[in-house]
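Number of protein chains: 2
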Amino acid sequence: MEKNKNQSQTPLSPCTPSIRCIVKLGGAAVTCKNEFEMINEEILQKVSEQLRQAMIVSSEKPPGMDWSKRPGGSEICCNPEEFGDHSAMECSPFIVVHGAGSFGHFQASKSGVHKGPLNKPLVKGGFVATRISVTTLNLEIVRALAREGIPSIAISPFSCGWLTSERHISSADLSSVAKAIDSGFTPVLHGDAVLDEIQTDVYGVYDRPPAEPDAILLKEIAVADDGSWSVVKPKLQNSIELAVSAHDTTGGMKTKISEAAMIAKHGIDVYIVKAATSHSLRALNGDLRGSIPDDWLGTVVRSLR
Amino acid sequence: MEKNKNQSQTPLSPCTPSIRCIVKLGGAAVTCKNEFEMINEEILQKVSEQLRQAMIVSSEKPPGMDWSKRPGGSEICCNPEEFGDHSAMECSPFIVVHGAGSFGHFQASKSGVHKGPLNKPLVKGGFVATRISVTTLNLEIVRALAREGIPSIAISPFSCGWLTSERHISSADLSSVAKAIDSGFTPVLHGDAVLDEIQTDVYGVYDRPPAEPDAILLKEIAVADDGSWSVVKPKLQNSIELAVSAHDTTGGMKTKISEAAMIAKHGIDVYIVKAATSHSLRALNGDLRGSIPDDWLGTVVRSLR
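As given, the protein sequences belong to chains A and R, one line each in that order. Numbered by the UniProt record's numbering, the letters in the first sequence go through residues 1 to 305 in order. Numbered by the UniProt record's numbering, the letters in the second sequence go through residues 1 to 305 in order.
Read the hints as simulated data drawn from the structure, not as lab findings. Hints may be right or wrong, so weigh each one.
Any copy will do: because identical chains look the same in the list, a pair fits if it lies in one copy or spans two.
[What the hints assert, rightly or not] List time: in silico DSBU-like cross-link candidates among lysine-lysine, alpha-carbon distance up to 30 Å: (1) 33 / 254; (2) 233 / 115; (3) 254 / 69; (4) 120 / 61; (5) 115 / 179; (6) 69 / 115; (7) 235 / 179; (8) 274 / 233; (9) 179 / 110; (10) 235 / 274; (11) 69 / 33; (12) 115 / 61; (13) 46 / 110; (14) 233 / 61; (15) 235 / 110; (16) 61 / 46; (17) 120 / 69.
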C-alpha cells in the first residue's frame with residue numbers, strides 16, 4: 001500500500017530549490033466526511049485561494065489552468081490572452097499532500113484492503129476500487145488548485161513505485177517530485193486511505209484523542225538533528241510520551257509526528273492546521289516563522305536550528 | 001513532455017512474468033473526436049468487454065472493481081459477496097496504453113505546450129491544463145476496465161519520472177509497471193496528447209496517410225533482433241522506406257513503428273487494430289499468432305523469432 005510524507009530513503013538532491021512548505025490537506029477537511037465521495041467545494045475553494053495567496057505574489061489572481069469541462073457546467077474557463085500579462089508570475093516551491101476523507105474509505109473497509117493479501121480476489125478488487133476513489137479526489141484537488149492559477153501536477157505514490165512493507169515505506173522515489181518542483185510545478189500527492197480512516201477535522205496534533213475533554217493541542221514541536229522531537233509549546237507537566245503512546249492505539253499520532261519530524265529535520269517547517277481558517281492563513285503567510293502567538297491554533301513541527 | 005511505449009532504457013527485469021499483450025487504445029477510438037472531452041461510452045464499454053474476455057478465462061463475468069459514484073448515477077456497484085466465488089480468477093498480464101483523443105488536444109493546441117518553453121506562463125498553464133484533461137480520460141478508462149472486472153491501475157508516465165529530450169524519451173522507469181504486473185494488476189498508461197494530435201481512427205498502419213486513396217494497410221511487420229523492421233504482408237512493390245518517410249511529415253508513423261518494434265524485439269507481439277471490432281477481438285483472442293488471414297484488417301508488429 002502507498003503512503004505519503006517520507007524523505008528518509010531518497011532525500012531531494014542538493015540542486016533542488018528549497019521547498020517553502022509542504023501542505024498536507026486532511027481528507028476530512030476537503031471532503032464531506034459523512035457523504036460518500038463528496039467534495040467540500042466551499043472549503044476546497046477557500047483552501048486553494050489561501051494557497052494561491054501564499055504561493056503567488058501578485059496583486060491580481062493569475063489565470064486559471066483548469067481548462068476542462070466540469071460536470072453540470074457547460075462553460076470552460078480558458079483565456080490564453082490572459083497569460084500575456086503574467087510573464088513574471090513566480091510560484092513558490094510547495095508540495096501538497098492530501099488524505100482521503102470520504103473517498104476510498106468505503107472501498108477499503110468493504111474489502112479489508114489494508115489487511116491483505118492481494119492475491120485474495122476481494123482484496124485485489126478493493127485495491128482497484130480504493131485507488132479509483134482516491135485518484136478521483138486527487139484529480140478534483142489538482143483541478144481546484146489549477147483554477148486558482150497554481151501549476152498543480154498530480155503525482156501518485158503508486159506510480160512513483162512507492163512500496164510499503166508491514167505499513168512502513170520500504171521503497172520511495174522522490175525524483176518525480178523533485179523534477180516537478182524544478183520545473184516550477186506544484187506536486188500534488190495523495191495518501192493512503194487506510195491510515196486516514198479515523199482522522200477527524202481538528203486544529204492540529206493533540207496529546208491524546210482530541211475528543212477527550214482534557215486533550216491538549218501541541219502547538220510547537222521541536223525536532224533535533226537526529227530526528228528526535230519534543231513538545232516546546234505548551235509546556236507540559238507530564239511526559240508527552242505516555243499520552244502519545246495511548247493516543248497511538250487509535251490514531252497513529254506518534255507515527256504522524258515522527259514523519260513530520262523527518263521532514264522538519266531537513267529544515268522544512270511542517271504546520272498541522274485546520275484548513276481554510278485564519279490559522280491556516282497565518283501559517284501559509286509565514287507569520288509563524290518566529291514565535292507562536294498564543295491565539296494561534298495549530299501544530300508546527302520544526303527543526304531546532 | 002511525457003510519452004509512452006519504450007522499453008529500451010529500462011527493460012523489465014527477468015523475474016517479471018512475460019507480458020501477453022500490450023494494448024494501445026487510440027484516443028480517437030475511445031473518445032468522440034469532434035466533441036470536446038467526450039468519452040465514446042459504447043466503444044469503451046465494448047473494448048473493455050473484449051479485453052476482459054481475452055484476459056480473464058471465466059465462463060461468467062467477474063465482479064466489478066469500480067465502486068465509485070458515477071456522474072448522474074445514484075447507485076454504486078459493489079457486492080463484496082460476489083468475490084467469494086472467484087478465488088481462481090486469474091488475469092493475463094496485459095499492459096494498456098491509451099491516447100488522448102478529444103481530451104488534451106484543445107489545451108495543448110491553445111497553449112502550444114508541445115513547443116515550449118515551460119517557463120513561458122501560457123505553456124506552463126497549458127501543460128497543467130493538458131495533464132488535467134488526459135488524466136481525466138485515464139481515470140475513465142481505468143474505471144471502465146475495472147467495471148468489467150479487470151484489475152486496472154493507472155500509472156502516469158509523468159509520475160514515473162519519464163522525461164523526453166527533443167521529443168525522444170531520455171529517461172523512463174518501468175519498475176512501477178513491472179511491480180503492478182507482478183502483483184496481478186493491469187497497468188493503464190496514458191500517452192502524450194501532442195503526438196496523438198493528427199491520428200485518425202483507422203484499421204492499422206498504412207504506408208502513407210490513410211486518407212489517400214492508394215494507401216496500403218501494412219498487415220504484418222517483422223522485427224529483427226537489432227530492432228530493424230520490414231513489411232512482410234502485403235508484399236510491396238516499392239520500397240516502404242520512401243512512402244513511410246513521406247507519411248512521417250504528418251503522422252510520425254515511422255516513429256510509431258520503430259517504437260512498436262522496440263517492444264516486439266523483446267518477444268512481445270504488438271497489434272495495431274481498430275478498437276471494438278471483430279478484428280480487435282481476433283487479435284486479443286490470439287487467433288493471429290500463426291499466419292495472418294487475408295480477411296483480417298490490422299497491423300501486427302512482431303519478432304522474426
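Hints, verified against the model:
1. 33 / 254: within (23 Å within a copy, 51 Å between copies)
2. 233 / 115: For residue 233 and residue 115, the Cα distance exceeds 30 Å both inside one copy (37 Å) and across copies (52 Å).
3. 254 / 69: Intra 42 Å, inter 34 Å, cutoff 30 Å: neither.
4. 120 / 61: between (50 Å within a copy, 17 Å between copies)
5. 115 / 179: Between. Shortest inter-copy distance 19 Å satisfies the 30 Å Cα cut-off; intra-copy 34 Å does not.
6. 69 / 115: between (38 Å within a copy, 24 Å between copies)
7. 235 / 179: Intra 41 Å, inter 47 Å, cutoff 30 Å: neither.
8. 274 / 233: For residue 274 and residue 233, only the intra-copy Cα distance (18 Å) is at most 30 Å; the inter-copy one is 65 Å.
9. 179 / 110: For residue 179 and residue 110, only the inter-copy Cα distance (25 Å) is at most 30 Å; the intra-copy one is 37 Å.
10. 235 / 274: Answer is within; shortest intra-copy Cα gap is 22 Å, inter-copy 69 Å.
11. 69 / 33: Both: 25 Å inside a copy, 15 Å across copies.
12. 115 / 61: Result: close only across copies, 26 Å inter versus 45 Å intra.
13. 46 / 110: between (32 Å within a copy, 28 Å between copies)
14. 233 / 61: neither (36 Å within a copy, 58 Å between copies)
15. 235 / 110: neither (42 Å within a copy, 57 Å between copies)
16. 61 / 46: within (14 Å within a copy, 44 Å between copies)
17. 120 / 69: between (38 Å within a copy, 24 Å between copies)
Hints 2, 3, 7, 14 and 15 from the earlier list are contradicted by this structure; the remaining hints agree with it.
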